[in-house]
Amino acid sequence: MPELPEVETVVRGLRKQLPGRTIVSVHLEKTDFIDDPRAVGEMAPGRRIVAVERLGKFIRIPLEPGGSGNRSEAPANLIVHLGMTGRLAVRPPQEPVLPHTHAFFHLDDGSELRYTDIRRFGQMMLLPEEGLAALCEKLGADPLDISADEFCRRLGTRKARIKALLLDQGVLRGVGNIYADESLWRARIHPARIGARLSKAELLHLRTALQRILRKAIDQRGSSISSFLDAEGKPGGYQKWHQAYQRTGHPCPRCGTTIRRAIFAGRSSHFCPRCQPAPRGVRRRAARKRKR
DNA sequence: AGCTCTTCCTGAAAGC
DNA sequence: TGCTTTCAGGAAGAGC
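Residue 51 in our numbering sits at position 51 of the first sequence, and the numbers go up by one each step.
Any given hint could turn out to be false.
[As the list claims (entries may be wrong)] Think about it this way: if two alpha-carbon atoms lie no more than 30 Å apart in a straight line, the pair counts; the simulated DSS-like pairs of lysine-lysine are:
hint: 1; residue 1: K30; residue 2: K159
hint: 2; residue 1: K200; residue 2: K159
hint: 3; residue 1: K138; residue 2: K216
hint: 4; residue 1: K16; residue 2: K30
hint: 5; residue 1: K216; residue 2: K200
hint: 6; residue 1: K138; residue 2: K200
hint: 7; residue 1: K138; residue 2: K159
hint: 8; residue 1: K216; residue 2: K16
hint: 9; residue 1: K200; residue 2: K16
I should point out that these hints are in silico values taken from the structure, not numbers from a laboratory.
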């Protein structure tokens, strides 16, 4: 599932191919994941791609104003969220089309930008500058840039569980289940702890762990779980480094205790019950549950 | 404010 | 063997 490192990997790949290209035409198959399919189909053709950027887990492809005349004067941004199974890649037109490919952007050099998404949990939209500003406002800080002070303020003052806070895109943009679990394991913090009850040292440790893990994962071109492939169709390598995520029943690499799985904030969470001691209240409930 | 549950969707894997 | 059920999860919305 694409999270910050996977999206960053895709963005870096697309950045080598897309800027400077002009969208010649658009072909859409299934459109239920697109906000306004007609707008995408009509506004994108004739416009030149300026850049490729990452906004949390969103991919932003700004398009130059102008294009083929008529109503396409205002700047627009093609925004793509990969959801669970989304893939965005530039392919030669003769390359066989993968099943579940729903959007084709024909480019002026003959290649195609293709969007493939088995489960269609992804999103696609064409946003004017105001819409983009509104989206950015909803998103929290980028975890790679956030200062220690802001991290403590955003997470250390909230009464929600730390796992929920890490996953909340309005708090931090880009963290998903894999990197939430991995950073909590590394910082030795139980996922059910309340943000406001974490010590300053724990918060600082968590920020450092999260940043190191995200940077390393980007170096490894992301984690390939449930068939994530980058813009060039290559798998990432960070899944080899997972210490807790999806390692239920395996020994904790630090202390040997069996990694456990439980649902917190509606998400399956993987943690070491010894390294990451549970807060009061959770301990009793966890005792009578034993899955997998 | 923040929790849980449900919905969207498909394919893999487990269960019978 | 082959069918049915369960699960996975990002995000949004409902209801508590």
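Evaluated hints:
no.: 1; hint: K30 / K159; verdict: violated (41 Å)
no.: 2; hint: K200 / K159; verdict: holds (15 Å)
no.: 3; hint: K138 / K216; verdict: holds (27 Å)
no.: 4; hint: K16 / K30; verdict: holds (28 Å)
no.: 5; hint: K216 / K200; verdict: holds (24 Å)
no.: 6; hint: K138 / K200; verdict: holds (26 Å)
no.: 7; hint: K138 / K159; verdict: holds (20 Å)
no.: 8; hint: K216 / K16; verdict: holds (21 Å)
no.: 9; hint: K200 / K16; verdict: violated (41 Å)
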